[in-house]
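Residue numbers (my numbering), protein chains in the order written: chain A, 1042 to 1220; chain B, 270 to 856.
Read the hints as simulated data drawn from the structure, not as lab findings.
Keep in mind that the hints are not guaranteed to be accurate.
[To be verified] Residues from chain A shown here face chain B by an in silico Cβ test under 10 Å; the list is partial:
id	residue
1	1053
2	1104
3	1191
What you are looking at is a predicted structure, and each value in this text was computed from that prediction instead of being measured.
We put the beta carbon where it would ideally sit given N, CA and C, even for glycine.
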Amino acid sequence: MEEKKLYTLLVYSENVAGILNQVTAVFTRRQVNIESLNVSASSIPGVHKYTITAWSDEDQIIKIVHQIEKKIDVVKANYFTDDQLFIRESGLYKLATQMVLENPEVSRTIRRYGASIIEVNPTYTIVMKFGLTEDIISLFRALDTFGCVLQYTRSGRIAVTRGMQEQVSQFLEEREQNG
Amino acid sequence: MPRVYHQLIKVESELLQTNMKDRITGAKALMRALQAEGVKTIFGYPGGSIMPVYDALFDYTRGEKKCFDHILVRHEQGATHAAEGYARVSGEVGVALVTSGPGVTNTLTGIADAMLDSTPIVVIAGQVPIAALGTDAFQEVDLVGVSQPISKWSYQIRRAEDVAWAVSRAFYIARTGRPGPVVLDFAKNAQTEEIDWEPQKVNFIRSYVPYPQLDHEAVRKAAELINNAKKPLALVGQGVELGNAQEELKRFLEKANIPAGRTMLGLSALPSDHPLNMGMLGMHGNYAVNLKEQECDVLIAIGMRFSDRVTGNLKTYAKQAKIIHLDIDRSEIDKNVKTDVAVVADCKESLPVLTELIHPNNHQEWIESFKPLDEMERVKVIEPAIHPKEGPLLMGEVVNAVAEATKGDAILVTDVGQNQLFATRYFKYPKKRSICTSGGLGTMGYGMPAAIGATFAAPDRTVCCFMGDGGFQMCIEELGTIMEQKAPVKMILMNNHYLGNVRQWQDMFWLRRKSFTKMMNPNYELIAQGYGIPYQAVVDRQDLQAAVAGMLAAEGPYILECAILEEDNVLPMTPPGMNVDQMMLEI
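So here's chain B without its partners, still in its complex pose (with noise of 0.2 Å):
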């Protein structure tokens, strides 16, 4: 044969292989889609819908090829918790990959989760082919149709040419602007099918602006409100830990000297010890700051959304005050409380220029009315709550000693409920991204799974996660995932035989008529036993501070039992559609 002519082949062979090395199926193309998002940890729990695409994960999670860390959680629930916990903690997007029908259902929680709490996830689901679609086909569900109005974008892949698309147009959605929870329905003849791959990478979408234009009118018209302010006061949202502002916003307030108040979500965006941090704001929040609230001259709210919890009856909130609003999301603007100027904007980019309007000033006499505010919280609530002589351990103390023990070095995940309410009010938090908790949704179940997330996510900082003994038992299946990935979430179960919250509601509200709220509880320490997880029980005051010292000494996972007073109470509280001014420091 000439030699022309095995050139030829040669040439012709190496573009068939080429060729057939890019011809893969839609499961391997999530493969690579996913790497191209730079996604190292993906927590799941595969079945029959999504089997191709598990079976292309095993090769990228072993091996030369290794590129992903999957966890394989014990409920597609734990999958989306902890997917928003590593989220929250590393500001990535996290992923969750389950199958399609209760695989899926199973998710909507977290999503609706991630939705209210602005997290930014990719849930990926097995789908029945398109063929069978429509026809009530086993573990068929219209995922779609379900998770539209709780998630950012929800997409049903229906062909394997769309994956590359698809996927990259998610992670977009779901980390720009304001984030949140997208929703990839794949269905299986998607994940067989074979193409050609093409990477793509969707880093614009005409119909979608994530960032909008920073409206420098707007801007002056704030500054000109704060500069002629006397007692302005600032409300700091997650949006600053969102778009990385923190110190952005230290510099906005340090320039003029502006108190603020924190939300829940929005706790670590300044630090807790900074000389202008007022507190927490909200139901359960700080008194003084509170109060505050209804006698500051100008407020300006920073990513954060006015939520319920924090305004209390909308009718008399903050009237006497002008209203800044800053926040990227301008469907938030005047949504629950009108303002005056809004500054519709990526804070990262608009506190710059708003301090740059501003002038020095000096609000000393103002902070300085908080402080007596403060002093009486700190006799009537805090001391007591932390510092308490006799009796049962109180959840406050608790909260305090595992603060004091981590000296702020830790990362605080809760569950809901009164834990999630003293964990919340006395952890310390000098760290950005400091914080996991389900602020809006109050989502029972989130501590444990959303904990192990963080662990991915920070692996060199320490995971306190504070559960309630309801909650504990919510997702209590996600120990079989700690056990297995020796996850290294210090568990504080505070075990007060209630739900605690509810039960402080009906004695506060309900006659004291304690409809179900008490609850009989399994021997935690045979649990503990069960996965093989450390485990310790306090019971004395005097044993707690060894007992914390013990668990934060232990490598790995370890469960801290504190045997709680039955009927602790969360104070302060501002009593549901009250006046945020009418918030009790005791009952």
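Just chain A, same shape as in the assembly (with noise of 0.2 Å):
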């Protein structure tokens, strides 16, 4: 058995209803779970971009690509290694306003992580930080242990590739001079 990985998966799709269904299916059908998913308009017109992390060893997650991009309406999948692209995934923390008051360590943490206040009324602190999901999840580690924080969450991964090429315009392009 091969080690598992975190793959991230750019799928892109027409945007008719439906696709995300059958995407999702294909790991369900192999029981593999999905870490986070991310869906939304790509820099192509009527093309919709799936940003999706799973754990895996490199022979399943080709099948699943294959499977994957065989749907009718799948334009083009692809899987990658966190080395091949540039990743980004955001936090939010709502935090006790009266406890970041009295504690200057808190202001000195969300500093440190480079993470910016973004509304602050007398009940509560939002808090926003981009980054790395290890530093995302660090950050709240760190407020939580004030205990300060009233909610947090994390957003999916969203991911560009680090190549020169763009695959999927090049991909279309192709297409539309042959048919």
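Put the complex together from the two separate chains, hints included.
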């Protein structure tokens, strides 16, 4: 058995209803858990981009990618390891304002992590951080030790490739030329 | 009134008429769209949510406007299997037309069957009006939701103006690339709304690449492996039939003198009597070719998917061999068996290029080495199965008798179970597209309706359908369709009063505990009588030949019930999960 790694899948599809279901079903059928999932419009008009992370071995992830790409309205699916991508996630932290004011260490921690305070009112303070998974979790842990965290959430991963070629645009161009 | 006005009014009224002529309902648009796709036969069953379509169909199935035959089945599952049988034999897309809710949930088995066996069918189902969607309306079911995982494409038509596009897209997807089932969920409001008819032809979808571009470098590598092979073995699958590459396959095999085994679905891709045909692969296939998979040095898989019924234990399967895999579907590559060279393309295109690059060769010694094993199987299994001297009738001899009497002209349709394994083993396939069987899903009840479909696809050929007493009763209602259509299905009911295949496994692997496999049967003669279908029973061996001749000589449908040895076993057999070379010739 190969070692499991965290893979990121970038899937591009036509903007039609029901694709998400089809994509996630491929994972479910193989009992692979999706770690995070982000769906948004891509830079190509009419094309949606799915950023999916999952722990798996390479053989399995290749099969998953092929099965996803087989769906009629999926334009392209590829898998990547972290070194091939520029990756970001974001974290939102809702803190009790009273405790933030009482303990200057909280503000220092927020600054040390490069996070920003985006709203303050007498009840709560909203802090936001962009970064890699570990940094965002680590900030949560640090804040949690002060007992000031009311809510915390971390977004799914978003990623762009580090490669020089834009594979999807190129693929679509070739398709349109041949079609 | 000045003349010029007259003319203007005439022109205007003509225009209006043309407009009105082309102002049609979504239901009628479906008729035109099906006509444009070349559909001739529709297997269907009406119901509430599809009534506008059935009303439109009324005009298209009679009189001057007639362009379709509509075959009224007796259960929607039958419609899908009939569409499958039609597609498998004709190479065209089979069409099933059903209503919403239970009508379409009844088709799911057929859709899943068509998906696993790459059969092009389009299932068109009624749906409640879009205003009622999600309200748990009468006979509402989330068809796209339930059919998506088991179909190639599933789409809800919500507006009449989408009919032309959706139907054309459906047929394009069903028939191109690796074929498969497509589902159209046709909301009732879209059936009744009026639109200006505009025909559409979809033959390009930017996100869908049905025919991947041939990688010539991969072909060159494959040729190199084949040219250096001492013991090459080809595995021929249904992809060859689907790609209509039977001749290309022959030229490839013959040029380098490569022996070939065929999967169950690929049986008629290479004629049975071809000197390089080494028999059937798989759990109950032929002995030599199964053992040789563990001895060959290069394995060339062509349009087949390394099903577990072919490979047995994957951990030990063909480990000594270099694997070349030719398939149109990239997701099949490395799915079950790791390949050394993958050629992802239509084999109609890849085989000739590969043939060009391989050297003429002679592997006679290798081919000769199959013979002693073949002989062992002939003596231990085949002869006792097809020419028994005593005891009750055996399935093998019944199949053999029908195969001999039809002289290779007939199309074989089987149900699932022992009847299927005996029939596929002992039938002969000199002609292409001569087999309909449920290989992937193993659907009992498939046989009878699939055979109906086959008779409509090839009205000039004999269609022989082998069934057990279990499967015969699973879609027994289709006897009504056979009766009404006078569909000339020659039904060979091999009755052993058992669900024989499960009984065989119980005997072999479950300490002979025959848990619910013994079956009480109805009086099939009375059933045949009720449907007005000629019937003959055979109990004694000496009556078999005459009975088969009688069945084949009769016009129209026929039921031949054979009283079979109750505990007949299919051999050889590779027990599930075992290595292919652990195949057993006897129990």
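Going through the hints against the structure:
1. For residue 1053 of chain A, the interface hint holds, the least distance from its beta-carbon to any beta-carbon of chain B being 8 Å, beneath 10 Å.
2. The criterion of a C-beta within 10 Å of any C-beta in chain B is met by residue 1104 of chain A, whose closest approach is roughly 6 Å, and the hint holds.
3. Hint status for residue 1191 of chain A: violated, given a least beta-carbon distance of 36 Å to chain B, over 10 Å.
In the structure shown, a violation is registered for the earlier hint numbered 3 alone.
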